[in-house]
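K.L.:
Fit chains Y and E to the known structure of chain V by using the hints.
In case you want the letters, here they are:
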Amino acid sequence: MAVATSDQIFREVMTFDPPEATTPFEVAHRDFVYGRIWSRPELGRRERRLVTLTCVAAADAPQPIIDHVYAALSSGDLSLEEMLEAVLHFAVYCGWPKASHLEGVIRMQHARVQQERGHTPAPWPARDDDTLGINDWRAGIARGAEVFTEVNLVPAPVPDTPYTHAGILGYVFGHLWQRPGLSRRDRRFVTVACVAVCDAPIPLNSHVTSALHSGDISKQEMDELVLHLSAYSGFAKGEALRGAVEDAWARAGSDR
Amino acid sequence: MAVATSDQIFREVMTFDPPEATTPFEVAHRDFVYGRIWSRPELGRRERRLVTLTCVAAADAPQPIIDHVYAALSSGDLSLEEMLEAVLHFAVYCGWPKASHLEGVIRMQHARVQQERGHTPAPWPARDDDTLGINDWRAGIARGAEVFTEVNLVPAPVPDTPYTHAGILGYVFGHLWQRPGLSRRDRRFVTVACVAVCDAPIPLNSHVTSALHSGDISKQEMDELVLHLSAYSGFAKGEALRGAVEDAWARAGSDR
Amino acid sequence: MAVATSDQIFREVMTFDPPEATTPFEVAHRDFVYGRIWSRPELGRRERRLVTLTCVAAADAPQPIIDHVYAALSSGDLSLEEMLEAVLHFAVYCGWPKASHLEGVIRMQHARVQQERGHTPAPWPARDDDTLGINDWRAGIARGAEVFTEVNLVPAPVPDTPYTHAGILGYVFGHLWQRPGLSRRDRRFVTVACVAVCDAPIPLNSHVTSALHSGDISKQEMDELVLHLSAYSGFAKGEALRGAVEDAWARAGSDR
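Protein chains in written order, with this note's numbering: chain V, 1 to 256; chain Y, 1 to 256; chain E, 1 to 256.
Keep in mind that the hints were calculated from the coordinates and are not lab data.
Each residue gets a CB set at the ideal place from its N, CA and C atoms; glycine is no exception.
Do not take every clue at face value.
[As the list claims (entries may be wrong)] Simulated crosslink set (DMTMM-like; lysine to aspartate or glutamate; CA at most 20 Å straight-line):
hint, chain 1, residue 1, chain 2, residue 2
1, E, 219, E, 247
2, E, 219, Y, 186
3, Y, 219, Y, 186
4, E, 219, E, 246
5, E, 219, E, 42
6, Y, 219, Y, 246
7, Y, 219, V, 246
8, Y, 219, Y, 17
9, V, 219, E, 160
[As the list claims (entries may be wrong)] Now the stretches of chain E that chain Y is said to cover, found in silico as 3 or more residues with beta-carbon under 8 Å:
hint, region
10, 72-80
11, 107-115
12, 139-146
13, 189-195
For reference, chain V alone in the conformation it holds in the complex:
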């Protein structure tokens, strides 16, 4: 099998032709990020998209957000509904302001993709306000505690503060993680990328540990995620993530 060139991989991933590379950054971007990272088969393209979208949205760089949203939609790797669901998940872990910008870009790039295809713009996805009953508060807390444990593999905190009560159990696990639009595995990729970008040690360790120990993300995939995130959020964040992965994996071994 012929090995794909960096340009070919760029074209496959981004769905448009690579720009001429005339600076050290551009040459390295093409040869390293496309030629040596996106080209690796050990992590799927769909998962790489979830991680990349998280990283570029967290980084606030206008053009990369546009390009990667366009590529994700244009390639069909992520549907519009999935991307909108990922925005909400991202909002919770990296904050609503950055999510607001990301969603605006998705709206525009979706319209662009539809137009390029000569489609009459499809109607915007219908939403179902009743999904998971966000207004059923008390039941949400109880169910939130169960889902907290399913996701995090540790007992739920006592909901004795606004953060743990109205935030973590009432909303994050009482609603968000139960939504049907993305699988738990998908949400793990977005979450691990979010906490790695934020790099506060405790959430980083906790989400890396549960992603690995649950088996939702394999060690090989997680190792690829470390490299992928290092490119998009920098090797400083990557090193912190790598350390968390090694620690979590060592603990997984000692539990076996």
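P.N.:
Just chains Y and E, lined up with the frame of chain V:
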């Protein structure tokens, strides 16, 4: 008393009508961030504004910065002078570049509010270059050491590096924290939000501890701040702040 | 010798006239950041530029990025080639998306500087795709391990994960740190600023330690870097950097 709807709370906080919510993010933003966070009475709207402005300015999301600056000015919860003073405080803790953008937005939104009200734009607030004598260097260091202790409740560092001498004692505590435009309590809210957004453990612990141990921010308010910041800067940052609050509060208990 | 005023220093550093300062932020920016930080002789202007460009690019604030790129080029403190090389180094440590924006600004400001000087725009620097043979993969890993040790002063990691193999040894030390466009000392300034902005403790400690223990950056310069970065990325990040410097320096002492 009738419970306010999410839409009503949005309107009260943002001072304009909520946009139609058609995506998971928009629905959740309205129902969770307005319906379940801004609606809570345990932290005042003014304090929530100081925290929110810090979070959106740190997050660099263009439209949320515009919207929250407009809302803060339009509501009258913060005066123009107070917001400009908050920009300076934010600059010191989150860096001058982001502050520069925030201040540009404040200028534009102030003009917009004045215009909407049919006011001839008021003259821009006069400034007093002599305030606190920023050029009286040696006295600033000595007084800075006193204010350092008043604010942080620990002895001032020996000013034997540029950071501690020209930075911390000479400027941050020798000038900034003494400025009259915001109360010490107000500065605590901005500072805690800033260090939580940055989430370096040592400044986070130090400012959370002094805010609580001084009594300037109550435990109940701090718990609300954790939830509020989790929404605007994400639950990863929120979790790190929550941990710092729990630690500081446990130490407060053992000191009693 | 007459002491330069803040306005004079602003003009020297930024290569344009200071705007009128009418807010607390603007007055303090001029008097503190220019009057008290850029004015200090203990760290060179060229090094301050490398640190500043890193900080403003990481902070995503549009106008400060423009202003500092323009000033760096216009002053001649950094050549176009050096700045483009710094973009690549920044990309690796703070992520490619932010670097992409920075490089776009450099293109535009370079054109502006050339136009202001009445130059026919010089041809864009030629690039040499063969430099350091980025495609010679196996040799890159071996040489990468050597350079890892030269830079970090500790043994190279076993390349048993994608991050350490394709990332750290294959690319970061197998290619990036060997590129000729910037000296190792220059790369240290960019790297320390990058890891301080990201403030993940492990990379922060590691790069601060090797910068000091190698002698590439003196303790006095590093102390200045702490103050300079505190202004541009905020005192929360600055405090984390300061702690890392103190720890590394104490260890340097005990090794002597």
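K.L.:
Count residues of the region 189-195 of chain E with a Cβ under 8 Å from any Cβ of chain Y, then say if the count reaches three.
P.N.:
violated (count 0)
K.L.:
Given that the region 72-80 of chain E was listed as covered by chain Y, double-check it with a C-beta distance under 8 Å for 3 or more residues.
P.N.:
violated (count 0)
K.L.:
Does the structure keep residue 219 of chain V and residue 160 of chain E at a Cα separation of 20 Å or less?
P.N.:
holds, 12 Å
K.L.:
Can the region 139-146 of chain E be counted as covered by chain Y under the rule of three residues or more with Cβ-Cβ separation shorter than 8 Å?
P.N.:
Since 0 is below three, the answer is violated.
K.L.:
Holds or violated: residue 219 of chain E with residue 246 of chain E, Cα cutoff 20 Å?
P.N.:
Roughly 10 Å between the alpha carbons, so the hint for residue 219 of chain E and residue 246 of chain E holds.
K.L.:
Within 20 Å, alpha carbon to alpha carbon, are residue 219 of chain Y and residue 246 of chain Y?
P.N.:
Between residue 219 of chain Y and residue 246 of chain Y the Cα gap is close to 10 Å, so the pair holds against 20 Å.
K.L.:
Check whether the Cα positions of residue 219 of chain Y and residue 246 of chain V lie no farther apart than 20 Å.
P.N.:
Since the Cα atoms of residue 219 of chain Y and residue 246 of chain V sit roughly 36 Å apart, the hinted pair is violated (cutoff 20 Å).
K.L.:
When you check the alpha-carbon spacing of residue 219 of chain E and residue 186 of chain Y, does it fall within 20 Å?
P.N.:
violated, 36 Å
K.L.:
For the pair supplied as a hint, residue 219 of chain Y and residue 17 of chain Y, is the alpha-carbon distance within the 20 Å limit?
P.N.:
Cα-Cα ~33 Å, so violated.
K.L.:
Tell me if the straight-line CA distance from residue 219 of chain E to residue 247 of chain E falls inside 20 Å.
P.N.:
Roughly 12 Å between the alpha carbons, so the hint for residue 219 of chain E and residue 247 of chain E holds.
K.L.:
Given that the region 107-115 of chain E was listed as covered by chain Y, double-check it with a C-beta distance under 8 Å for 3 or more residues.
P.N.:
violated (count 0)
K.L.:
Can you confirm whether the C-alpha distance between residue 219 of chain E and residue 42 of chain E stays at or below 20 Å?
P.N.:
holds, 11 Å
Checked against the numbered hints given earlier, the structure breaks hints 2, 7, 8, 10, 11, 12, 13 and satisfies all the rest.
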